[in-house]
Every structure is written in structure tokens, then in C-alpha cells.
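Student: Listed below, chain by chain, are the residues.
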Amino acid sequence: SQKIEQNSEALNIQEGKTATLTCNYTNYSPAYLQWYRQDPGRGPVFLLLIRENEKEKRKERLKVTFDTTLKQSLFHITASQPADSATYLCALLTSGTYKYIFGTGTRLKVLA
Amino acid sequence: DAGVIQSPRHEVTEMGQEVTLRCKPISGHNSLFWYRQTMMRGLELLIYFNNNVPIDDSGMPEDRFSAKMPNASFSTLKIQPSEPRDSAVYFCASSLSSENYGYTFGSGTRLTVV
Numbered sequence: 001s002q003k004i005e006q007n008s009e010a011l012n013i014q015e016g017k018t019a020t021l022t023c024n025y026t027n028y029s030p031a032y033l034q035w036y037r038q039d040p041g042r043g044p045v046f047l048l049l050i051r052e053n054e055k056e057k058r059k060e061r062l063k064v065t066f067d068t069t070l071k072q073s074l075f076h077i078t079a080s081q082p083a084d085s086a087t088y089l090c091a092l093l094t095s096g097t098y099k100y101i102f103g104t105g106t107r108l109k110v111l112a
Numbered sequence: 001d002a003g004v005i006q007s008p009r010h011e012v013t014e015m016g017q018e019v020t021l022r023c024k025p026i027s028g029h030n031s032l033f034w035y036r037q038t039m040m041r042g043l044e045l046l047i048y049f050n051n052n053v054p055i056d057d058s059g060m061p062e063d064r065f066s067a068k069m070p071n072a073s074f075s076t077l078k079i080q081p082s083e084p085r086d087s088a089v090y091f092c093a094s095s096l097s098s099e100n101y102g103y104t105f106g107s108g109t110r111l112t113v114v
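Quick mapping for you: the protein sequence lines, in order, are chains F and H.
For the first sequence, our numbering gives the first residue as 1, with consecutive numbering after it.
For the second sequence, our numbering gives the first residue as 1, with consecutive numbering after it.
Looking at chain F on its own, in the form it has when it is part of the complex:
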């Protein structure tokens, strides 16, 4: 069956370090992959999109990689700050479909 896996355990890191979050998938052939940030009591906020033919995408302190061989995307936040503390969700869209399917998210806590 199709599955999107994100680490359900919270990730705690020290301020200034690079946070790396993982999104693994099985039985999918995603053409597009997105990352969202969600704060408590709020809706998810779109951060980045990467296509299957792109290896890496950057936006300010954020970097996303997409490895279709490993069936994995990595999401990096460099020089992390306490304000980066939130839950981060990945979402996949398969070519020929129109709807993104979301992972359950990983909670990140950046310690001052």
C-alpha cells in the first residue's frame, strides 16, 4: 500500500545548528513534492516545491533534496532559530493526479 513516512518523534536541536527532516515514501511515484510548516492552532503554510527531475531546491535558509531512487526527500534548515520550531509536513503528488497526499509531520524544536 502507499505510505508516506515522517519521523513521528520530535526532533530537538540547538540554535544555530542545521535541522534535517526526512520524508520517505513507498509505492508512490511522485512527480512533485512539497514541504509545509504548521504551527499549533494554525493551518499548514507552503514552503517549497521540488519536481522529480530536480535534485535540490533552496530558499533562504531552507534546502530540499529529492532522491527518487531512495524514495526520499530531505528538508534542511540551516542556522536554525527558536522561531523555526513547528511541525513540518511533506506532501506528494503523483503524475496524472491532482491532489497532494500529506505525511503526518515531524515536530521540530530549536533550543535557545
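Don't read these hints as lab results, they were simulated from the structure.
All figures in this text were calculated on a predicted structure; none of them were measured in a lab.
Idealized CB from N, CA, C, for every residue including glycine.
Where hints are given, some of them may not hold.
Unchecked claim - Covered by chain F, according to a simulated footprint, are these stretches of chain H (three or more residues, beta-carbon under 8 Å):
hint	region
1	50 to 57
2	104 to 112
As the list claims (entries may be wrong) - Calculated cross-link-like contacts (lysine-lysine; reagent style DSS-like; alpha-carbon spacing at most 25 Å):
hint	chain 1	residue 1	chain 2	residue 2
3	H	Lys78	H	Lys68
4	H	Lys24	F	Lys99
5	F	Lys109	F	Lys59
6	F	Lys99	F	Lys63
7	F	Lys17	F	Lys109
8	F	Lys99	H	Lys78
9	H	Lys68	H	Lys24
10	F	Lys3	F	Lys63
11	H	Lys68	F	Lys99
Unchecked claim - Taking beta-carbon pairs under 10 Å as the criterion, some of the chain H residues facing chain F (in silico):
hint	residue
12	Val4
13	Ser31
14	Tyr35
15	Arg41
16	Glu44
17	Phe65
18	Glu99
Place chain H on chain F using the hints.
Tutor: Below, chain H alone, put in the same frame as chain F:
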């Protein structure tokens, strides 16, 4: 733009009552999605509209759920009758009709059915 606007923010209702959740998408967005989020199941897509037409409602749990989009600026999700297991946060999201665009989510409606 004020973003995607959902109302109410919180709803507490008794089992068996009808509940109506409302959504105003971003002007110019022609795709609208209703999602439900729970701790156990994460974000689940309930229904997808494109140009006000329901395209896929396969995620709607059962006949107690219905959704409408009478025009480009308004959508409703109705639960009748409501049950305790419907308790969740319901999100509306809108987007341009292309996989190249991210979704803009509203702040959600937290529904509690007692």
C-alpha cells in the same frame, strides 16, 4: 488578500446535530480542498473542487458528510447527523489549478462533538 477564511474557528455540538463549516477561498484560486486533521490519521483529503465542480469526493467518510461550492468565493462542508468520531480540525485550502503551486490553508475549524 486576507487569505483563506474559515468559520467558525471552534464549534462544539451535541451528537446528532447538524454542523456546517464555511470557507472563503482566495480570490482567483480555482481549486478548493477540504481536509480533516487528527492526531491518529494526520491530514486527510475529504473533497476536491475545481472551478466550483466537485471532482473527487472519495475521501468523504460517509453519507453524513456533504460539501457544496455554489460559487467561486464560498464553500460549505456539512455533517448531518454529527457523531463524536467526527471531532477533528477541518481545514479548507485553495490553490491555482496546477501542481506547480502550493496550497493556501485557512486557520481551520476545531469541531468537538459531545
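Student: For every hint, state whether the structure bears it out.
Tutor: Verification of the supplied hints:
Three residues within the 8 Å Cβ limit are the bar, and the region 50 to 57 of chain H against chain F gives 3, so the coverage statement holds. Residues of the region 104 to 112 of chain H with a Cβ under 8 Å from some Cβ of chain F number 5, which satisfies the need for three, so the listed coverage holds. The hinted pair formed by H/Lys78 and H/Lys68 meets the criterion: a straight-line CA distance of about 9 Å does not exceed 25 Å. Distance hint between H/Lys24 and F/Lys99 is fulfilled; the C-alpha atoms sit about 20 Å from each other, no more than 25 Å.
Between F/Lys109 and F/Lys59, the direct Cα distance comes to roughly 20 Å. Compliance with the 25 Å bound is thereby established for this hinted pair. Restraint check for F/Lys99 and F/Lys63: the C-alpha separation of about 23 Å stays at or below 25 Å, so the hint holds. The hinted pair formed by F/Lys17 and F/Lys109 meets the criterion: a straight-line CA distance of about 12 Å does not exceed 25 Å. About 21 Å separates the Cα atoms of F/Lys99 and H/Lys78, which keeps this hinted pair within 25 Å; it holds.
Restraint check: the Cα-Cα separation between H/Lys68 and H/Lys24 comes to about 12 Å, which is no more than 25 Å; the hinted pair holds. Among the hinted pairs, F/Lys3 with F/Lys63 is consistent with the structure: their alpha-carbon atoms are about 23 Å apart, no more than 25 Å. Among the hinted pairs, H/Lys68 with F/Lys99 is consistent with the structure: their alpha-carbon atoms are about 18 Å apart, no more than 25 Å. Proximity of H/Val4 to chain F holds as hinted, the smallest CB-CB distance being about 8 Å (cut-off 10 Å).
Taking 10 Å as the C-beta contact cut-off toward chain F, the hint placing H/Ser31 at the interface holds, the least distance being around 8 Å. With 10 Å as the threshold, the beta carbon of H/Tyr35 comes within range of chain F, its nearest partner Cβ sitting at about 8 Å, so the hint holds. The beta carbon of H/Arg41 is positioned within 10 Å of a beta carbon in chain F (closest approach about 8 Å), and the interface hint is therefore held. Hint status for H/Glu44 relative to chain F: holds, with the closest Cβ pair at about 8 Å, below 10 Å.
For H/Phe65, the interface hint is violated, the least distance from its beta-carbon to any beta-carbon of chain F being 17 Å, above 10 Å. Hint on H/Glu99 holds. Least Cβ distance to chain F is approximately 5 Å, under the 10 Å limit.
Checked against the numbered hints given earlier, the structure breaks only hint 17 and satisfies all the rest.
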